[in-house]
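Q: Using the sequences plus the hints, can you model the full thing?
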Amino acid sequence: LLLVERKYPITEFERYLQTTAQVRGPFSVDTLIKECLTNPKFGYYMNKDVFGKSGDFITAPEVSQLFGEMLGIWCVATWESLGKPSKFRIAEFGPGRGTLMHDILRVCGVHMVEVSPHLMKMQKTKLLYFKDDKEGATSGKTPEGVPVSWHPSIDQLPNDMPTLYIAQEFFDALPIHVFKFSKAKGWCEVMVDEDISKEGPYYLRFVMSSGATLMTNAINYLLPEFGVEDFTAEVGVAGLGIAQKLTMRIAEHSGAAIIIDYGKDKMMSDSLQAIRNHEFVDILDKPGSADLSTWVDFSAIRKAVKHMKKPEVTAIGPVDQGMLLKELGIEHRIERIAQKMAGDESKLEELAKSYHKLVSPDEMGTSYKALTIIGKSLTPVGFSTAKEYDDEDLMMK
Numbered sequence: 001l002l003l004v005e006r007k008y009p010i011t012e013f014e015r016y017l018q019t020t021a022q023v024r025g026p027f028s029v030d031t032l033i034k035e036c037l038t039n040p041k042f043g044y045y046m047n048k049d050v051f052g053k054s055g056d057f058i059t060a061p062e063v064s065q066l067f068g069e070m071l072g073i074w075c076v077a078t079w080e081s082l083g084k085p086s087k088f089r090i091a092e093f094g095p096g097r098g099t100l101m102h103d104i105l106r107v108c109g110v111h112m113v114e115v116s117p118h119l120m121k122m123q124k125t126k127l128l129y130f131k132d133d134k135e136g137a138t139s140g141k142t143p144e145g146v147p148v149s150w151h152p153s154i155d156q157l158p159n160d161m162p163t164l165y166i167a168q169e170f171f172d173a174l175p176i177h178v179f180k181f182s183k184a185k186g187w188c189e190v191m192v193d194e195d196i197s198k199e200g201p202y203y204l205r206f207v208m209s210s211g212a213t214l215m216t217n218a219i220n221y222l223l224p225e226f227g228v229e230d231f232t233a234e235v236g237v238a239g240l241g242i243a244q245k246l247t248m249r250i251a252e253h254s255g256a257a258i259i260i261d262y263g264k265d266k267m268m269s270d271s272l273q274a275i276r277n278h279e280f281v282d283i284l285d286k287p288g289s290a291d292l293s294t295w296v297d298f299s300a301i302r303k304a305v306k307h308m309k310k311p312e313v314t315a316i317g318p319v320d321q322g323m324l325l326k327e328l329g330i331e332h333r334i335e336r337i338a339q340k341m342a343g344d345e346s347k348l349e350e351l352a353k354s355y356h357k358l359v360s361p362d363e364m365g366t367s368y369k370a371l372t373i374i375g376k377s378l379t380p381v382g383f384s385t386a387k388e389y390d391d392e393d394l395m396m397k
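In our numbering, the protein residues as written are 1 to 397.
In case anyone wonders, no lab produced these hints; they're calculated from the structure. It cannot be assumed that every hint is accurate.
[As the list claims (entries may be wrong)] Lysine-lysine pairs mimicking DSSO-like chemistry, simulated, CA-CA at most 27 Å apart: (1) 309 to 264; (2) 264 to 340; (3) 387 to 7; (4) 310 to 266; (5) 84 to 286; (6) 326 to 376; (7) 353 to 340; (8) 303 to 264; (9) 41 to 180; (10) 376 to 306; (11) 387 to 126; (12) 357 to 340; (13) 357 to 264; (14) 34 to 180; (15) 353 to 34; (16) 387 to 357; (17) 266 to 326; (18) 306 to 266; (19) 286 to 198; (20) 286 to 180; (21) 87 to 245; (22) 340 to 326; (23) 180 to 264; (24) 126 to 87; (25) 180 to 126; (26) 306 to 245; (27) 245 to 286; (28) 34 to 376; (29) 185 to 266; (30) 141 to 87.
[Unchecked claim] Here are the simulated distance ranges between beta carbons: (31) 387 to 281: 17 to 23 Å; (32) 211 to 142: 50 to 56 Å; (33) 215 to 341: 52 to 58 Å.
Where a beta carbon is used, it is the ideal one built from N, C-alpha and C, also for glycine.
A: Listed below in structure tokens is the structure:
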């Protein structure tokens, strides 16, 4: 906790969150994250550009077009594995500025799942090449004639043909529930309440539920039976729900999903973080003004897919991002681009920096990982280094 001598003036959003706690009682961390990121009036993602050097973070597609081109190769190779269907879709979740899809289209109608009107407008500008559009328009075409549509959630996505789903730095921004183990009470949920004291540095505070909550009981199968006193477990219930919906869609109409994010292959305990102006701040410090994210638990995604009991669909991975990109051919692509840049030292240096950023273990190469949800009859392109899991308990390692 970052201590301050006295509280700063309360914001309108903090008053709203305090009122929520007064009316409903303490609310979940999941609710806090949803409000902070996607509240129509105060949400961090809803009214500004948060990507790139002027934003609060830089994503892989913003580093280099190479990343998007490699994902384009994954799309083409997976489409070929599907038998080259004449009709298929690509759906991207949380498309940011639209940079990744713009680069993928160098090499595949496209559907985008986006909740933010501001980001949707930026994506349209990037992909459709116009500066403004009719209020509420949700479709258009690229200059090449590729149809592009926008949807607020996976539930609105059409589901009538093979689809390739791309989720790059999407799951890390989904809300999580946080649980803490007590030897006296078992698993309790961490909640958010108002803080009207003069001593507390913020206008909200974390509190413990008095016992098991409805959510604790609902996801009990994901939590270890016993825990160490005060052990904290983060469970991305929203993300696991999306993984299970992807499993059902792939089982019904074939296709594949690729999930790329920073994370680990085990349950996370204390990864929830807030970033404002490229610096870490307290979660409760001026909520709505910082990006909130967590490290993704890839083992939980595997277990969620397995829990659906669809034998024709499997989850493979994770593999390190660096290994994925190399297997997709980024080194060969770099060589070809470098040949065209021969003699231009500044461009060659920038190319080398971008490559290093994407694949090096001390940059994004190992902290970012990839997992695919795919039909068992298909070839999981880029995942030859993935481990095989046959254990029943995939959560705790």
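Q: All the hints need checking, so say for each whether the structure fits it.
A: Hints versus structure:
Distance hint between residue 309 and residue 264 is fulfilled; the C-alpha atoms sit about 24 Å from each other, no more than 27 Å. A hinted pair counts as satisfied when its Cα atoms are at most 27 Å apart, and residue 264 with residue 340 does not qualify at roughly 38 Å. With a C-alpha separation of about 50 Å, the suggested pair residue 387 and residue 7 falls outside the 27 Å cut-off, and the hint is violated. A distance of roughly 23 Å separates the Cα atoms of residue 310 and residue 266; the hinted pair therefore holds under the 27 Å criterion.
Distance restraint check for residue 84 and residue 286: the Cα-Cα separation of roughly 50 Å exceeds the 27 Å cut-off, and the hinted pair is therefore not satisfied. Distance hint between residue 326 and residue 376 is fulfilled; the C-alpha atoms sit about 23 Å from each other, no more than 27 Å. For the hint linking residue 353 to residue 340, the alpha-carbon distance of about 17 Å falls within 27 Å, and the restraint holds. About 14 Å separates the Cα atoms of residue 303 and residue 264, which keeps this hinted pair within 27 Å; it holds.
Restraint check for residue 41 and residue 180: not satisfied, since their Cα atoms lie roughly 32 Å apart, outside the 27 Å limit. Straight-line distance between C-alpha atoms of residue 376 and residue 306 comes to about 13 Å, which keeps the hinted pair within the 27 Å bound. Proposed proximity of residue 387 and residue 126 is contradicted: the alpha carbons are some 37 Å apart, above 27 Å. Of the pairs offered as hints, the one joining residue 357 and residue 340 holds, with about 21 Å between alpha carbons and a cut-off of 27 Å not exceeded.
Simply put, residue 357 and residue 264 have alpha-carbon atoms about 19 Å apart, close enough for the 27 Å limit, and the pair holds. Annotation: proposed proximity of residue 34 to residue 180 holds, straight-line Cα distance about 20 Å (limit 27 Å). For the hint linking residue 353 to residue 34, the alpha-carbon distance of about 35 Å lies beyond 27 Å, and the restraint is violated. Restraint check: the Cα-Cα separation between residue 387 and residue 357 comes to about 25 Å, which is no more than 27 Å; the hinted pair holds.
Annotation: proposed proximity of residue 266 to residue 326 holds, straight-line Cα distance about 24 Å (limit 27 Å). Simply put, residue 306 and residue 266 have alpha-carbon atoms about 16 Å apart, close enough for the 27 Å limit, and the pair holds. At most 27 Å may separate the alpha-carbon atoms for a hinted pair to count; residue 286 and residue 198 meet this at roughly 17 Å. For the hint pairing residue 286 with residue 180, the CA-to-CA distance comes to about 25 Å; that is within 27 Å, so the pair holds.
The straight-line distance between the Cα atoms of residue 87 and residue 245 is roughly 21 Å, inside the 27 Å bound, and the hint therefore holds. The hinted pair formed by residue 340 and residue 326 meets the criterion: a straight-line CA distance of about 20 Å does not exceed 27 Å. A distance of roughly 20 Å separates the Cα atoms of residue 180 and residue 264; the hinted pair therefore holds under the 27 Å criterion. For a cut-off of 27 Å, the pair hint linking residue 126 to residue 87 stands: about 24 Å separates their Cα positions.
Pair hint residue 180 plus residue 126 does not hold up; C-alpha atoms about 43 Å apart against a cutoff of 27 Å. Proposed proximity of residue 306 and residue 245 is supported: the alpha carbons are some 12 Å apart, at most 27 Å. Between residue 245 and residue 286 the alpha-carbon distance is near 34 Å, which puts this suggested pair outside the 27 Å criterion. Annotation: proposed proximity of residue 34 to residue 376 is violated, straight-line Cα distance about 34 Å (limit 27 Å).
For a cut-off of 27 Å, the pair hint linking residue 185 to residue 266 stands: about 25 Å separates their Cα positions. Simply put, residue 141 and residue 87 have alpha-carbon atoms about 17 Å apart, close enough for the 27 Å limit, and the pair holds. Distance hint for residue 387 and residue 281: a CB-CB separation of about 36 Å, inconsistent with the stated range 17 to 23 Å. Between residue 211 and residue 142 the beta carbons are some 54 Å apart, a value that agrees with the proposed interval 50 to 56 Å.
The hint said 52 to 58 Å for the Cβ distance between residue 215 and residue 341, and at roughly 53 Å that hint holds.
Hints 2, 3, 5, 9, 11, 15, 25, 27, 28, 31 from the earlier list are contradicted by this structure; the remaining hints agree with it.
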